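Listed here are the chains, written in short residue letters.
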Amino acid sequence: MDKVSKIETYTTGPASVQTDPARLDPIDALIATLGLSAEDAAEPTAVVGIDKLESVALRLRQAGFMLLDVVGIDYSAYVQPRPERLSVLYNVYHPYDHRRLFLRVWLAMGTALPSLYGVWKSANYLEREVYDLLGVVFTDHPDLRKILTPDDLEGHPLLKDFPIDETPTLFRDGRFLDPAAFRAGMTGQATGLSGWRGSLRRGEGKGDIEPPVMPAGGPK
Amino acid sequence: MSLKERQPKSKQPESIQQESSLPERVGSLTANSGALMHTEIMSLNVGPQHPSTHGVLRLVVDMDGEFVIKVTPHMGYLHTGFEKTFEHRTYQQGVTYAPRTDYLHSFGHELAWVLGVEKLMQADVPERATTVRVILHELGRISSHLVFLGTALMDLGAITLFFYCFREKEAVQDLFEEVCGYRMNQGYFRVGGLSRDIPDDWAGHVQTFCDTFDKHVDEYASMFATNPIFLDRATGVGVITAEAAIDLGLTGPNLRASGVPLDHRKATPYCDYDSYEFNVPTSQKGDSHARFLLRLEELRESAKIIRQALKRLKPGPVKDPNRKISLPPRPELESSMEAVIHHFKLVTEGFHPPLGEVYVPVETARGEVGYYIISDGGSMPYRVKIRAPSFVNLQALEYACVGGQFADLITVLATIDPVLGDVDR
Amino acid sequence: MPLKELFERDWQELESEGILFSSLEKLVAWGRSNSLWPATFGLACCAIEMMSATDGRNDLARFGSEVFRASPRQADVMIVAGRLSKKMAPIMRRVYDQMPDPKWVISMGACASSGGMFNNYAIVQNVDSVVPVDIFVPGCPPRPEALIYAVMQLQKKVRGEAFDQLGNQLPMVDAWTR
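Chains as they are written, first to last, in the numbering used here: chain A, 4 to 223; chain B, 1209 to 1633; chain C, 179 to 356.
Here chain A stands alone, though its shape is the one from the complex (with noise of 0.2 Å):
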C-alpha cells in the first residue's frame, strides 16, 4: 500500500507546533491587547462594541485565528438582566497554538451588525443561520437569504416569543394531551396539569424560585 503510506503523520502533541513565543500569550493577554473587556464567564469571553467589531475580527484573522462558529442568543426570558435582548457570540479559534475566544456582542432587537464575511468566508453560512433563526441582518453580507427554514415561515424559531408548536398528542378514545402542559411541572414557569408550581409543590413560598447559587470555583 504504497499509495496509503504517502499520508503524513504527525505524532507529537500540540506543544510542538507552537512557532512564535510572542503569539502565544494567554487569552486575558489577547483580551486586554485588543482593547476588550474580558467577561466574567466559564469560557473566555470578550465583550465587543459593534463599531469596533470589525477591526477587532481582522486583528485576529490577521494573527491567524479561524472562525468556528456564530451563536445567536435571545436574552428575553433569562432569569438575570441582560445589556440588550440579543447577543451574537464569535467563537474564534487559533488551528495552531490552540487558542479559543468568544467575541460576544450585545444589540436591540432591529439593529444591525456588520457581516465579518470580507474577514472570514465561513462567516457566509453562519451569519445566514443567525439571521434565518434570530433575525439579526448582518449588512454587506453577500447573500443574506433564509438558509435552514422553509421560505415560508414567518418568524423566527428561536426567538423565545416563536412557539415551539408542538402537536398534542391523541388517543383512540378521543383523549389528548398536551405536551406543554405536561411538560409544564418541570420547568416551574406555568401550572401544568397538576396545577403547582416550583416550589409551591411543597407547599411553601408563594413567589418564583430563586435560580440555584453557584458553588465557589465552578463555571459562571
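Relax, there's no trap hidden among the hints.
Just some of the chain C residues that point at chain A, by a computed CB distance under 8 Å: (1) LYS264; (2) LYS265; (3) GLY293; (4) ASN297; (5) TYR299.
What follows is a set of in silico ranges between Cβ atoms, one per label pair, in the way DEER data are often shown: (6) TRP1410(B) to ASP155(A): 46 to 52 Å; (7) GLN1492(B) to GLN276(C): 45 to 51 Å; (8) GLU1427(B) to ALA115(A): 55 to 61 Å; (9) GLY1365(B) to ILE197(C): 41 to 47 Å; (10) PHE1371(B) to GLN276(C): 25 to 31 Å; (11) THR1416(B) to GLN83(A): 52 to 58 Å; (12) ASP1480(B) to ASP154(A): 44 to 50 Å; (13) ASP155(A) to PRO1259(B): 25 to 31 Å; (14) ASP1440(B) to ASP43(A): 53 to 59 Å; (15) TRP215(C) to MET1245(B): 37 to 43 Å; (16) GLY177(A) to GLU1542(B): 36 to 42 Å; (17) TRP215(C) to PHE1371(B): 16 to 22 Å.
Because the hints were derived from the structure by calculation, they are not lab data.
Since we're looking at a predicted model, the values are computed, not measured.
For every residue, glycine included, the Cβ atom is placed at its ideal position computed from N, Cα and C.
Using the hints, position chains B and C against chain A.
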C-alpha cells in the same frame, strides 16, 4: 487528454461572477465557438432527492458546457428544530436528541453534549466510564468512516467496496447493540457516566474486532487505492489549500487533508485522550485523494486507541456517585427513602445546573462538535447551540468545485462527507 | 404437449405434471410482489438502516427489492426513511406523484410514522398526512430485519393475502386504484 489538462485551477467563488475570470479552458471554449454559435450558462438542479447528495441536499449548479462555474447549495430540507427542542427537554433527555443530529457518528455528538453538561454540573466521571466512552467514541468513528468509504466510492461508481465496508459496519453495530441495545442513535451515555455497565464479555468481542480490523483496512485499500479510475477521478480534484481551509472554517479530516494538524483529541484533550498514543494523519495535498486516504489512515488510528483503552479497562463504578446527578441503583430504592426521593426528583424534574454558559469541543468523524449550553438554573437548558461541522464544511463545496467538471462535483461532495442531519439540525 | 390437451384434460392431472392455473390478476400480482423496486427516499438516520438492509448480511435482494431507483418514474414503492420536515413535504408529495401506478408507501421509523421524538414547528407529524401509507415500521431507527419484514408484509398486501386486525381479507386492488 491527460489528467493535468483536464483540471482547471480552482477559483474563489466571488471571482467567478465576472465573465473574464472564468477558468481558462471555459474561456477558450467560448472564445473559439462564440462567433459560430450562441452559448449560454445552464443551471442544473441536483436534489433534494438525489442518490449522490447523501441525504436531502439541493444544489443549483451553473454550468458552462461541462464545467461548473458556480454551485449554490440549498439546505434545510432536514431542518428538525433540534435547538428549539433542546430548550424544552431536560438535560438528561437531551442525551437522546444529540445522537440524532449526526447519525453516522452519533457517539460523538452524544459525548459533546454529555461533556458540556458535566462541565456545567461539575460532575465527577469515574475512570471506567471515561474509558468505555473512548472505546465507543472511536468505534463510532470507525463506523462513520466505513459508511463514508462505502458510499463515497459508490458515488464514483465502485460499488463493490460498499459491501465490504458494510460487513465491518455491521460488526461494529453488533458491538453497539450488545452494549446498549441500539444499533444506531444509542443514547447510552448519561450525564455523570454511563446508563449501565458494559456486558462481561463485551471487551473481548471488541478485542476480537480490533485484532482483525487492520487486515480489513488493508483489504479496502487494496480494492481502490491503486485503481487507475479512482486515481483519475480523485487526484487533484477539489483542491483546498490550507489558507482556504482556515478561511472557510473547516475542521476534522477535511482540514487535516489540507495540512493543518488540528485534532481536538490532541489539541484540547477530553476523556484523557492525552494519555493515549496515536498519530494524527495529515496530508499537504488537500485534494479528494488525500481526503480518502486520510480517513483510511484514521481507521487504523482509531483501532489503535481502542486497543489501548481495552488494556486499561478496570472494574469500577460507571456513574457519578452524586445522587443529585445520577439515578440511585435499583436495590437502594427498596431500603432508602432518600434514594426514592432522589429518584423521583431526577425522573420527574431532572437536575438544576447553576447559571452559566459552557462549550466543550469534541473531535468527531466530521470535525469539531461542540454544544454551547446556556443554563438559567432551570431543569432545561435556556439555549443550546450546536456547532455542526458538516454545516461549515459544506461551504468548501462552493470553493472547491468551481472550474471542475460536473463529475468532480460529486467527488468533492462525497469527500467533504457532510451528514445532512448535522447540516440542517 | 399440444395446446388442445390443456382444454381437454383434467386440470388436476395437468397440475401434477407441473402446469399451474391462475387468474391473470393473481399472476400479475404475484409478479409485482416479487419485484418491488423502491425509490430511494432516504431522509435521515433510517436511510442508513435502509442501506444496511441491502448489504451482504441482510440482503433485501432475496425478496426482489434490492433495486433502489433514484428516479421515481422507475419505482413501485417509496420507503420514507427518516424525519420529514415541513420544507421537504411538498417535494416528497411531488416524488410520489411522479411514481407510476400502482405504487405503495412504506413509512419507516418513528419520525415518519408519528413525528417520533420531534414534536415541533419543523417536522411533519405523520407522513400519512402527505401521502397514503401502506405499511408503518416502528423503531428509531428500525432494524434492517424490520424493514425486510415490512417489505414482506407489503408483498402479501400486493398479492391480496393480507388481513386486517379483525381477520378480514384486505382487497388486493386497494393500493392499485389510488
